[in-house]
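Take the given structure of chain G and dock chain H to it, following the hints.
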Amino acid sequence: GAVVSQHPSWVICKSGTSVKIECRSLDFQATTMFWYRQFPKQSLMLMATSNEGSKATYEQGVEKDKFLINHASLTLSTLTVTSAHPEDSSFYICSLAGGSDTQYFGPGTRLTVL
Amino acid sequence: QKEVEQDPGPLSVPEGAIVSLNCTYSNSAFQYFMWYRQYSRKGPELLMYTYSSGNKEDGRFTAQVDKSSKYISLFIRDSQPSDSATYLCAMSAYAIKAAGNKLTFGGGTRVLVKP
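Going down the list, the sequences are from chains G and H.
Each residue of the first sequence is one higher than the last, beginning at 48 in the working numbering.
Each residue of the second sequence is one higher than the last, beginning at 259 in the working numbering.
The shape of chain G in the complex, shown without the other chains (with noise of 0.2 angstroms):
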């Protein structure tokens, strides 16, 4: 399967400030990416689609101006939370599709604001 990398795997930041995570496609040139978050002991929640040269579709509820992504090209994509509060710590996962029959799954990033 496709080889997905994440960074950094784990952030602690101020609340009000910005965090960006990276999502690289280390062998696989992915047309799109999905972000999800997953709280502790609960399953991914799809945030949003990322399609390389356009713009992100967002989940209902997801704020589209708070979690801004970037899908610049066919091996990176970011999500950058921007104004981050507590409530925003999670684990953040990304991962990919295009050409193959399922989705293959970055190590995830956790996220946590004091």
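Bear in mind the hints are in silico, worked out from the structure with no lab data behind them.
Predicted, not measured: the structure shown is a model, and the values here were computed from it.
In silico DSS-like cross-links for lysine-lysine, where the CA-CA straight-line distance does not exceed 25 angstroms:
id	chain 1	residue 1	chain 2	residue 2
1	H	K328	H	K260
2	G	K61	G	K113
3	G	K67	G	K111
4	G	K61	H	K300
5	H	K328	H	K360
6	G	K61	G	K111
7	G	K88	H	K260
8	H	K360	G	K88
9	G	K102	H	K360
10	H	K372	G	K88
11	G	K67	H	K360
12	H	K360	H	K314
13	H	K328	H	K314
14	H	K260	H	K360
15	H	K300	G	K88
16	H	K260	H	K325
17	H	K360	G	K113
18	G	K111	H	K360
19	H	K300	G	K67
20	G	K102	G	K67
What follows is chain H alone, placed relative to chain G:
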């Protein structure tokens, strides 16, 4: 009612036993079914992928799909302590290669395999 239901567990079994996991769903349009394994604080890892009804076997893992009952299962034979993880079922109406298609996940079942 959620589109995909999965017992959260935990499901505790002794080493060597068969682990039996399942999900039920309500959307009859689902045709593609997946099982993922997720260790704590890690991303999900694809275990099995099946299309439509039937069985699929891969090593110690067997996936079954019964579309008439809207029920899917995953069996793990000869379970090992390293199989202790959360298992997520996921499904979609279209092939994931169709760009932008989304997965619908179950809530996950936590499995503990005791030595």
